[in-house]
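Enquirer: Start from chain A and add chain B according to the hints.
Line by line, the protein sequences are chains A and B. Going from the first sequence to our numbering is simple: count from 1 and add 6. Going from the second sequence to our numbering is simple: count from 1 and add 7.
Hints in this document: simulated from the structure, not taken from any laboratory.
Here are the computed lysine to any residue pairs in the SDA-like style, where the Cα-Cα straight-line distance is at most 20 Å: (1) B:180 - B:161; (2) B:166 - A:172; (3) A:122 - A:162; (4) B:166 - A:169; (5) A:99 - A:208; (6) A:186 - B:161; (7) A:33 - B:35; (8) A:33 - B:33.
So these bits of chain A aren't anywhere near chain B, every CB distance computed over 12 Å: (9) 92; (10) 93; (11) 95; (12) 148.
Glycine included, C-beta positions come from ideal geometry on N, C-alpha and C.
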Amino acid sequence: MAKITDLQESELSTEKPVAARILSPGKLYALVAAGLLLGLLAGWAVIRVSQGRPLFGPGEFHGLVIQSPPPLSNFALTATNGEKISLLDFRGKLVVLYFGYTYCPDVCPATMVELKHMMEALGRDARDVQVIMVSVDPDRDTPEKLGEYVTQFNPSFIGMTGNENDLLGITTELGIFYQKHDGTPATGYLIDHTATVSVLDEDGRLRLVFPFGTTGEDMAADLRRLLP
Amino acid sequence: MSTSGDLASSASAGNGRKRFRLTFPVILFSVLGVLGLGLFAFVTIRPIQVLPRISLGPGYFLTDANGEAVTNEDFRGSLVLYNFTYLSCEEPCPVTTDTMQAVQSRLGEVDTGGIPIKLVTISFDPARDTPEVIRAAAAELGADPAVWTFLTGAPERLKWLIGGGFSVYYEEKQPQEFRFDPAFMLVDGAGVLRAEYRTAVPDVDRILRDMRLVTDEVHNRQGVANYAYDAAHLFLCYPR
Chain A
7 MAKITDLQES
17 ELSTEKPVAA
27 RILSPGKLYA
37 LVAAGLLLGL
47 LAGWAVIRVS
57 QGRPLFGPGE
67 FHGLVIQSPP
77 PLSNFALTAT
87 NGEKISLLDF
97 RGKLVVLYFG
107 YTYCPDVCPA
117 TMVELKHMME
127 ALGRDARDVQ
137 VIMVSVDPDR
147 DTPEKLGEYV
157 TQFNPSFIGM
167 TGNENDLLGI
177 TTELGIFYQK
187 HDGTPATGYL
197 IDHTATVSVL
207 DEDGRLRLVF
217 PFGTTGEDMA
227 ADLRRLLP
Chain B
8 MSTSGDLASS
18 ASAGNGRKRF
28 RLTFPVILFS
38 VLGVLGLGLF
48 AFVTIRPIQV
58 LPRISLGPGY
68 FLTDANGEAV
78 TNEDFRGSLV
88 LYNFTYLSCE
98 EPCPVTTDTM
108 QAVQSRLGEV
118 DTGGIPIKLV
128 TISFDPARDT
138 PEVIRAAAAE
148 LGADPAVWTF
158 LTGAPERLKW
168 LIGGGFSVYY
178 EEKQPQEFRF
188 DPAFMLVDGA
198 GVLRAEYRTA
208 VPDVDRILRD
218 MRLVTDEVHN
228 RQGVANYAYD
238 AAHLFLCYPR
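Chain A extracted, bound-state conformation:
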């Protein structure tokens, strides 16, 4: 406000020579331009810091960032309570998808433990995150068994599964493969599958892919940056 009146006064000129001498039009424009620039810089800094990113530098994500995330097809699978639940039900939350199976001897429990650590590291932000384990072994993983399995890691975790056709569609789109193969008589058949963790944003777009072995803390740090 003060600047505008100054401007008017200086433009009206001669009657107020003092004001005109202190702030000539040229200086005034420079001041306004500098103010605008500073404001832009400050706004940029505030946005960066509020996103939890460092002021300078891109601030690396730990996972693979999907740059122009296309909308992921909606899918409906049978949840652990026996109901059909679709991806649309989780709009507004970050969805962390992991594909595995309960008979999985090594990779799956290791990843589930990291996801459990991730939820702990997220603290209060964890309520905006939904972890879903999708079983690629619908023959053996009944909803009850799957529910029992996932909730032992974290009570908020959900398990889902579906028929071969549903599973193929979802996994292909997420860059994931799975295939049954023979195991030992003790383990029964095993399933080879990609052990990545996929993160969908509030609008159901694929945003991040964590390779196997990413720690819970690193995943939590990345998720925080995706949260509003």
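Expert: The following block gives chain B in isolation, referenced to the frame of chain A:
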């Protein structure tokens, strides 16, 4: 031009010094102007060109000519050019393996700096393209087994992969006769789709140039160049 003329004339007039003092606004606007011009030049001249990161490439589990399992993860770290066809495809069926053959013979022209380039032909006709048929066809095409892989698998998996994952249409119109949209896909070492060539006869030069752009980006992304590459992606500095 005219400013220097003005400067000379006004200087000779004796009052020029005042008009061309380096005042704060002059410095500010020159800096802004140089930055703006620099950005404009960066976006129009495109000293750094990149290929768009279109989407995450699909996952698959298929078998090769020896009946061995091959998945998308086996190509992590390699740049892969895919095409989709069936091996009994003959005129007037759009023959796309010729282009793959041409790319294979010219791979030596691309300096990838150690990043392997792979060619993958996926057959959507598993009933007839058995391992023996595939091996015979590969030999006829002169396919180098270290570079060029032929894959096929169960029909529903192929449909999800080619139709769903790569969005390429194909359909068995009559027995042993498929109708399909010829297409080539370039997927980078992180499994991200970088280029699509939806034509029967793409320009091989262009494919090789695109391979070079992707491998150059991998090698050059260090220090300050990282920001330049991020800017190139942000301002859509794609090759024309």
